[in-house]
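Enquirer: Top to bottom, those sequences are chains A and B. Position one of the first sequence corresponds to residue 1 (the working numbering), numbered consecutively onward. Position one of the second sequence corresponds to residue 1 (the working numbering), numbered consecutively onward.
Source of the hints: derived by calculation from the structure; they are not laboratory data. Remember, predicted model here, so these are calculated numbers, not experimental data. Backbone N, C-alpha and C define an ideal beta-carbon position, used for all residues, glycine too. Among the clues, some could well be false.
Which chain B residues stay away from chain A? Per the calculated CB distances, all over 10 Å, these [claimed, not checked]: (1) 71; (2) 176; (3) 198; (4) 231.
Restraint ranges, calculated between C-beta atoms of paired labels, are given here [as the list claims (entries may be wrong)]: (5) B/311 <-> A/40: 37 to 45 Å; (6) B/237 <-> A/32: 38 to 46 Å; (7) A/142 <-> B/199: 55 to 63 Å; (8) B/311 <-> A/174: 57 to 65 Å; (9) B/149 <-> A/330: 56 to 64 Å; (10) A/135 <-> B/199: 24 to 32 Å; (11) A/135 <-> B/91: 24 to 32 Å; (12) B/152 <-> A/135: 32 to 40 Å; (13) B/75 <-> A/153: 30 to 38 Å; (14) A/140 <-> B/136: 46 to 54 Å; (15) A/135 <-> B/306: 23 to 31 Å.
Now the stretches of chain B that chain A is said to cover, found in silico as 3 or more residues with beta-carbon under 8 Å [said to hold, decoys possible]: (16) 79-89; (17) 96-110; (18) 142-156; (19) 163-170; (20) 248-260.
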Amino acid sequence: MSTTSQKGFLSFLYDCFRWNMQGSLSFQIFRLLLFAAMAFGIYAYSYQARSGLEVTGMSNIVSWGFYISNFTFLVGVAAAAVMLILPAYMFHDPDFHRVVIIGEGVAVGALVMCLSFITVDLGGPLQAWHLIPGIGQFNFPTSILAWDVLVLNGYLLLNALVPMYILYCHYKGQKADERKYRPFVFLSIFWAFSIHMVTAFLYQGLPARPFWNNPLMGPRFLASAFAAGPSLIILVLAVVHNFTNYKLDKKVFHKLRLIIVISAIINLIMLFSEIFKEFYFPTHHSIAATYLFFGLEGHDALVPWIWTSISGNIIATLILAFNPGDNNPKVLLPACFLLFIAIWMEKGIGLIVPGLIPSPMGEVVDYLPTWVELGVTLGIFALGITVVTWLIHPALILEERYEKMRASKMD
Amino acid sequence: MNSPKKKEGQMKKKDMPDTQCSRRSFLKTTSIAAAAGSASLVTGCIPGKNSGSSEEFKLKWEEYFKEHYRLMTQEEKDATISRLVRLAKLQRGLDLQMSSRPAREQVLYGYAFNISRCEGYMDCVKACVKENNLDRKSKTQYIRIFEMEPGQLDPSTGDAKYFHEVPVDNKFYMGVQCFQCENAPCVKACPTKATWREPDGIVVVDYDWCIGCRYCMAACPYWGRRFNWGKPEIPDEEVTTKQHYLGNRIRPMGKVEKCTFCVQRTREGKLPACAEACPTGSRVFGNLLDPDSEIRYVLKHKKVFRMKEELGTDPKFWYFID
Chain A
1 MSTTSQKGFL SFLYDCFRWN MQGSLSFQIF RLLLFAAMAF GIYAYSYQAR
51 SGLEVTGMSN IVSWGFYISN FTFLVGVAAA AVMLILPAYM FHDPDFHRVV
101 IIGEGVAVGA LVMCLSFITV DLGGPLQAWH LIPGIGQFNF PTSILAWDVL
151 VLNGYLLLNA LVPMYILYCH YKGQKADERK YRPFVFLSIF WAFSIHMVTA
201 FLYQGLPARP FWNNPLMGPR FLASAFAAGP SLIILVLAVV HNFTNYKLDK
251 KVFHKLRLII VISAIINLIM LFSEIFKEFY FPTHHSIAAT YLFFGLEGHD
301 ALVPWIWTSI SGNIIATLIL AFNPGDNNPK VLLPACFLLF IAIWMEKGIG
351 LIVPGLIPSP MGEVVDYLPT WVELGVTLGI FALGITVVTW LIHPALILEE
401 RYEKMRASKM D
Chain B
1 MNSPKKKEGQ MKKKDMPDTQ CSRRSFLKTT SIAAAAGSAS LVTGCIPGKN
51 SGSSEEFKLK WEEYFKEHYR LMTQEEKDAT ISRLVRLAKL QRGLDLQMSS
101 RPAREQVLYG YAFNISRCEG YMDCVKACVK ENNLDRKSKT QYIRIFEMEP
151 GQLDPSTGDA KYFHEVPVDN KFYMGVQCFQ CENAPCVKAC PTKATWREPD
201 GIVVVDYDWC IGCRYCMAAC PYWGRRFNWG KPEIPDEEVT TKQHYLGNRI
251 RPMGKVEKCT FCVQRTREGK LPACAEACPT GSRVFGNLLD PDSEIRYVLK
301 HKKVFRMKEE LGTDPKFWYF ID
């Protein structure tokens, strides 16, 4: 171990790369499948880049679709890392301290997906440099989209650099200097809330769209994110626990479950509040909600979608709250998966598409994504999972070595 | 990006066989994917062996790195216009006249629409499509005419897809388009300042600066904006060649566009195409700062209203009843 302490940053990066090349056969096959999915995504995107966005299901009425839906949902997943960071770094919870690196890896993967979804949604991706302050024209602070660009990239940097610093110290066999990274951890906690609030404000700030123009949107975004994000993290932790040498304590699953239950219940209360407002005394502003929940003028593409989502949401919340299996993974993991999917359905398409239907001129159309959108989305999900594995795999090897080294020093 | 000449140039560069169609299109796709971000995609072409395309490449290259329109000096505006005119000549053999004429002094445009007079003939729509070089393939329209039931004043209750002889008894007609808001939500939304309100009150888009995020479309309460989902298609013989940089020039793919009160006409002292085409005289256009203008007469003597006033967007478009 002591030999590594002499090594510099480049060899750190090289070793991370080398470790990534190793791993079991099934792990490598899994990664090849991800690469195949990414290749398909690139193929679909190249078709879209040549023909224009007309090959998507979007139109002048539903001008945002599957891409922006997934973007919106994944911002929440990224923000949810704070639910590990806060107890790990602030309260020095030992269980969370061991898994916080995984949460940060998931956040980086989610942010890479967010930025990719925005990019593939652009009509002129090659003009994206017009956004860069200095050489472009950045409409800050007026445009909320400009804010979003800032907070997302900032959060990506924070979530990449803090763990990288800690891992690098561990790689050198040193303890990371808490005085150096603690201010950035504070910043990233504040920042996690801001990325989701700013993304909510993106929609909330549009009086043109009564379905979105709702002060509950930001808080509800946070509640649903803190339910869906930790659900995903539980699933990732289960994979890590079962398929790697990095074993986790059962307590961490229990603690995460509590976080999920509380967030999911708050989320459902807010959902109920929204539904009450829309339907107790329906006004002109309830038309979009009517379209979503009951259909309008014969257009009802989202009705089964949203009811599936709400049922899944309620069932998963009940299971997690009453915990019938007493943290038995065979109950816990499917419930987390169900909750994650249900919130994805609701906070993705269930939120974005009805905001645009009917058009401000009252026209109702349905939206269905095309194979191009599904293919590009598949590719971006594969990219995100790849990023997560490429980050977590070497990180866990490093942490395991560091733990062993400290244990041997103690002896 | 899709002109046949350039595709050929790209093919030759990659040494692809012309015969196998499926393989060719597959290779084209993968090669474009591989070249993503590189200069070939930046400019949409690689200088091929055919003469002329190197000039096209150079022009496109210079176009790609040009400034935001509002930051250009007059010389830079003239330069980009001459490049665009030359490109239109090279690519489609079109002879364009393109203007960058700024807003006139002491002018603020306003529009009024007489809902008791309009009979729904849609001549305005036709004239607008022709004048503004709107995409024929997607049947893009800036103007929509809603057939309304009596007792209603909100177009969202009307029918804009009517296809029968007009006028129909006991119905009235209401035209909507971009209302050129003074406090425009779209302008506020744009992350790159690619859309703004000109001093004469027209909200314009710098099509080359727009990144196509469509946040402005989500922000507009009047559904006044359109997106170029594909490459706009206008037959050569139907192209309106008298163009304005901020107006009716043919839009690139993937950019947002909108009604500009026909900036290419109105800044030359003419009426917008819709107002000129209207056979019933329902459309009144003029300078709000000129006390003797017809629009001022309407605002003073008729009962007028604006759509969705409660949003505080302050449109420069009024409806009135005789």
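Enquirer: Look at each hint and say if it fits the structure.
Expert: Tested hints:
1. 71: violated, 8 Å
2. 176: violated, 7 Å
3. 198: Residue 198 of chain B clear of chain A: closest Cβ-Cβ about 16 Å, beyond 10 Å.
4. 231: violated, 6 Å
5. B/311 <-> A/40: 37 to 45 Å: holds, 44 Å
6. B/237 <-> A/32: 38 to 46 Å: Violated - the Cβ-Cβ distance for residue 237 of chain B and residue 32 of chain A, about 54 Å, lies outside 38 to 46 Å.
7. A/142 <-> B/199: 55 to 63 Å: 19 Å Cβ-Cβ, so the 55 to 63 Å window is violated.
8. B/311 <-> A/174: 57 to 65 Å: Holds, since residue 311 of chain B and residue 174 of chain A (Cβ atoms, about 59 Å apart) stay within the stated range.
9. B/149 <-> A/330: 56 to 64 Å: holds, 60 Å
10. A/135 <-> B/199: 24 to 32 Å: Given a distance of about 27 Å, which is inside 24 to 32 Å, the answer is holds.
11. A/135 <-> B/91: 24 to 32 Å: holds, 28 Å
12. B/152 <-> A/135: 32 to 40 Å: At roughly 50 Å between Cβ atoms, residue 135 of chain A and residue 152 of chain B fall outside 32 to 40 Å, so the hint is violated.
13. B/75 <-> A/153: 30 to 38 Å: holds, 35 Å
14. A/140 <-> B/136: 46 to 54 Å: Given about 38 Å between the Cβ atoms, the range is violated.
15. A/135 <-> B/306: 23 to 31 Å: Cβ of residue 135 of chain A to Cβ of residue 306 of chain B: about 40 Å, so the range 23 to 31 Å is violated.
16. 79-89: With 0 residues close enough to chain A, the hint is violated.
17. 96-110: violated (count 0)
18. 142-156: holds (count 5)
19. 163-170: violated (count 0)
20. 248-260: Coverage by chain A holds for the region 248-260 of chain B (5 residues, Cβ < 8 Å).
Against the hints set out earlier in the document, violations occur for numbers 1, 2, 4, 6, 7, 12, 14, 15, 16, 17 and 19.
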